[in-house]
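Knowing the structure of chain A, use the given hints to seat chain B on it.
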Amino acid sequence: MKLSRLLTGSLVALALATSGSVAADKTKVGFVYVGPVGDGGWTYEHDQGRKAVEAEFGDKVETVYVESVPEGPDAERVMTQMALEGADLIFTTSFGYMDQTINVAKKFPKVKFEHATGYKTAANVSVYSARFYEGRAVQGHIAGKMTKSNIVGYIASFPIPEVVRGINSAYLHASRVNPEVDFRVVWVYTWFDPAKEADAAKVLIEQGADVILQHTDSTAPLATAATAGNVIGFGQASDMAEYKDGPRVSSIIDAWAPYYVARTRAVMDGTWKTKNTWDGIKEGMVEIGEITNKVPADLKSEALALEASMASGAYHPFTGPINKQDGSVWLKDGEVADDGTLAGMNFYIEGLKGEVPQ
Amino acid sequence: MDLSSISPVLLIASLMVAATPILLAAVGELVVERAGVLNLGVEGMMIVGAISGFAVAVESGSPALGFLAAAIGGAVLSALFIVLTQFALANQVASGLSLTLFGLGASALMGQSYIGIKPPPTTAIEIPFLSDLPVLGPILFSHDLVLYLSLAIVAGVWATLKYTRVGLVLRAVGENHDAAHALGYKVMRVRICAILFGGACAGLGGAYISLVRVPQWTEGMTAGAGWIALALVVFASWKAGRIIVGAYLFGGITVLQLNLQAVGVAIPVEYLTMSPYIITILVLVILSSDKSGAPGSLGRSFHASR
Numbered sequence: 007m008k009l010s011r012l013l014t015g016s017l018v019a020l021a022l023a024t025s026g027s028v029a030a031d032k033t034k035v036g037f038v039y040v041g042p043v044g045d046g047g048w049t050y051e052h053d054q055g056r057k058a059v060e061a062e063f064g065d066k067v068e069t070v071y072v073e074s075v076p077e078g079p080d081a082e083r084v085m086t087q088m089a090l091e092g093a094d095l096i097f098t099t100s101f102g103y104m105d106q107t108i109n110v111a112k113k114f115p116k117v118k119f120e121h122a123t124g125y126k127t128a129a130n131v132s133v134y135s136a137r138f139y140e141g142r143a144v145q146g147h148i149a150g151k152m153t154k155s156n157i158v159g160y161i162a163s164f165p166i167p168e169v170v171r172g173i174n175s176a177y178l179h180a181s182r183v184n185p186e187v188d189f190r191v192v193w194v195y196t197w198f199d200p201a202k203e204a205d206a207a208k209v210l211i212e213q214g215a216d217v218i219l220q221h222t223d224s225t226a227p228l229a230t231a232a233t234a235g236n237v238i239g240f241g242q243a244s245d246m247a248e249y250k251d252g253p254r255v256s257s258i259i260d261a262w263a264p265y266y267v268a269r270t271r272a273v274m275d276g277t278w279k280t281k282n283t284w285d286g287i288k289e290g291m292v293e294i295g296e297i298t299n300k301v302p303a304d305l306k307s308e309a310l311a312l313e314a315s316m317a318s319g320a321y322h323p324f325t326g327p328i329n330k331q332d333g334s335v336w337l338k339d340g341e342v343a344d345d346g347t348l349a350g351m352n353f354y355i356e357g358l359k360g361e362v363p364q
Numbered sequence: 003m004d005l006s007s008i009s010p011v012l013l014i015a016s017l018m019v020a021a022t023p024i025l026l027a028a029v030g031e032l033v034v035e036r037a038g039v040l041n042l043g044v045e046g047m048m049i050v051g052a053i054s055g056f057a058v059a060v061e062s063g064s065p066a067l068g069f070l071a072a073a074i075g076g077a078v079l080s081a082l083f084i085v086l087t088q089f090a091l092a093n094q095v096a097s098g099l100s101l102t103l104f105g106l107g108a109s110a111l112m113g114q115s116y117i118g119i120k121p122p123p124t125t126a127i128e129i130p131f132l133s134d135l136p137v138l139g140p141i142l143f144s145h146d147l148v149l150y151l152s153l154a155i156v157a158g159v160w161a162t163l164k165y166t167r168v169g170l171v172l173r174a175v176g177e178n179h180d181a182a183h184a185l186g187y188k189v190m191r192v193r194i195c196a197i198l199f200g201g202a203c204a205g206l207g208g209a210y211i212s213l214v215r216v217p218q219w220t221e222g223m224t225a226g227a228g229w230i231a232l233a234l235v236v237f238a239s240w241k242a243g244r245i246i247v248g249a250y251l252f253g254g255i256t257v258l259q260l261n262l263q264a265v266g267v268a269i270p271v272e273y274l275t276m277s278p279y280i281i282t283i284l285v286l287v288i289l290s291s292d293k294s295g296a297p298g299s300l301g302r303s304f305h306a307s308r
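Sequence order for the protein chains is A and B.
Take any residue in the first sequence, count from 1 to its spot, add 6: that is its number in our numbering.
Take any residue in the second sequence, count from 1 to its spot, add 2: that is its number in our numbering.
Here chain A stands alone, though its shape is the one from the complex (with noise of 0.2 angstroms):
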């Protein structure tokens, strides 16, 4: 017993001996994705950044990742499996990644951990968003002065903060070109799942959609609004430029690369903080992609102002007046949300229907 015992402790302090010695010469930095990295959309963003922390360090760092990992228990065995291998760096990016980074961050105070669009943070958790929201806006301007039916489908993938925020931003900003505008929100919860997001897409257009915008990772949408004609939609989370000459006229891009590049030098000088990075157009975490010719010129350069305004940080999307769906005054007129309310957000504005899982 106390043979074993004795033995297996210094197998630990070997291991634990190597890995340090292998994390001396080189950075590690491992990522937790939540689906593949060949989605077409947020996996696949998250690995470009992976990519461009190699590019950026090349020998002296060194990238692990492990794809489709499922929100819960299982997170928690990949990055302690991650942590246990020497990473001193671990970028989990999925909102349901959010406890268990939090759990294995207690157990590993020396690794620092980057949690994708949570709000948890501790000594060695920081978290790090992008304001999808700012983008919504331009989506749902495009969006609710291109529809003809005036009904607008939505995919929602699950009733969290960030899902609801652009729900809300795009259609506030739909509907002040179009009062005539409907939007149909469908929940599929889940992130990933190309059949059933094609599904949710095909419901919409036949219950009269020409407008389909998505919240959730794949392509899928795109190419069942492909299939149906005269429909449109919007790359999500990545450019999608694949169906530039079909359904997709502009888009939403997530550009993780500069954060990372950054985050990952951080660590390797050894002035690592927790943070709490919340940026948008400005900043340049969130792109608007392309705007096609679908679109018609001067609908293209009011969208592009937009964008502008949003870059100069002149106009905040949601800046009131603006009521809650009840009717009660939620934002008075000129006042601008603050970020606790807005990361926090669990409730439609006035004029949408039906109600947030909750």
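Since the hints were derived computationally from the structure, they do not count as laboratory data.
It should be emphasised that the depicted structure is a prediction, and the values quoted were computed from it without experimental measurement.
Ideal Cβ placement from N, Cα and C applies to all residues, glycine included.
All the given hints hold, so there is nothing to weed out.
Derived pair list, reagent style DSS-like, types lysine-lysine, alpha-carbon separation capped at 30 angstroms:
no.	chain 1	residue 1	chain 2	residue 2
1	A	154	A	300
2	B	120	A	57
3	A	126	A	279
4	A	154	B	120
5	A	57	A	281
6	A	306	B	120
7	A	300	B	120
8	A	151	B	120
9	A	113	A	66
10	B	120	A	250
11	A	57	A	113
12	A	116	A	126
Okay, the calculated beta carbon distance ranges per label pair:
no.	chain 1	residue 1	chain 2	residue 2	range
13	B	283	A	112	33 to 41 angstroms
14	B	273	A	235	32 to 40 angstroms
15	A	183	B	276	31 to 39 angstroms
16	A	332	B	273	18 to 26 angstroms
17	B	129	A	86	56 to 64 angstroms
18	B	273	A	350	23 to 31 angstroms
19	A	332	B	129	51 to 59 angstroms
20	A	299	B	131	39 to 47 angstroms
Below, chain B without anything else, positioned relative to chain A:
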């Protein structure tokens, strides 16, 4: 809430499309399990079928060739399972699981250069007059050929198992392989044929997702459909007729709940989302109250020397 914007005709037409992949995969697995083999690699064979079919359809421009390639692709992967379980007598559960993992990886590799490409359209048949019928036209006479093929396969499997000598031998092998062997039936040969058939069906089901239902190639795009097909076989108590009920019920409620959400029905979305699973399980459990059990030799390895 305006229920009138749900068109029942379009709903039924699209539920048939949504149900076809799991129907195909499940009927193939049914034959495999009736022969006494448990192949948990359905998901892997589906995804390999999805990419094989997609790749060949894109390269040749012919969806028909694509579906053929998908069936071959699924069968080739199942041949690996045959080597492991029928010749090396490896554990069937472990071999099946590894087949799924291998299939997911291999398909991602094969599909590297096919991301973002549009496949040639699989055209729906156009029967003059019949396809234009008001209600029956869209439901019965305006689908693609593979959908009809899937129904034909189920009918064929049902009739073969119930009425033919081949079906009887297959069931005998599945119920008690020692007895079947003693009677002089080639247990291994029967099982190999069944596994290949199951692989081909799963491959077809996968290609139906990548060529008709979505249509595009994305890594991991079957997203668990193979597991649902496996569960369906058990809940349908190994009967072909009930597989149709189960698959169409599952596909139907999946599409219906999306429709209900889109019109804003005041049922909490959480219940709607879980409804396909719960209702399908409930209905099939009630149907299978006659206690028809699993094939007797299910999951057991066979070697003539024992």
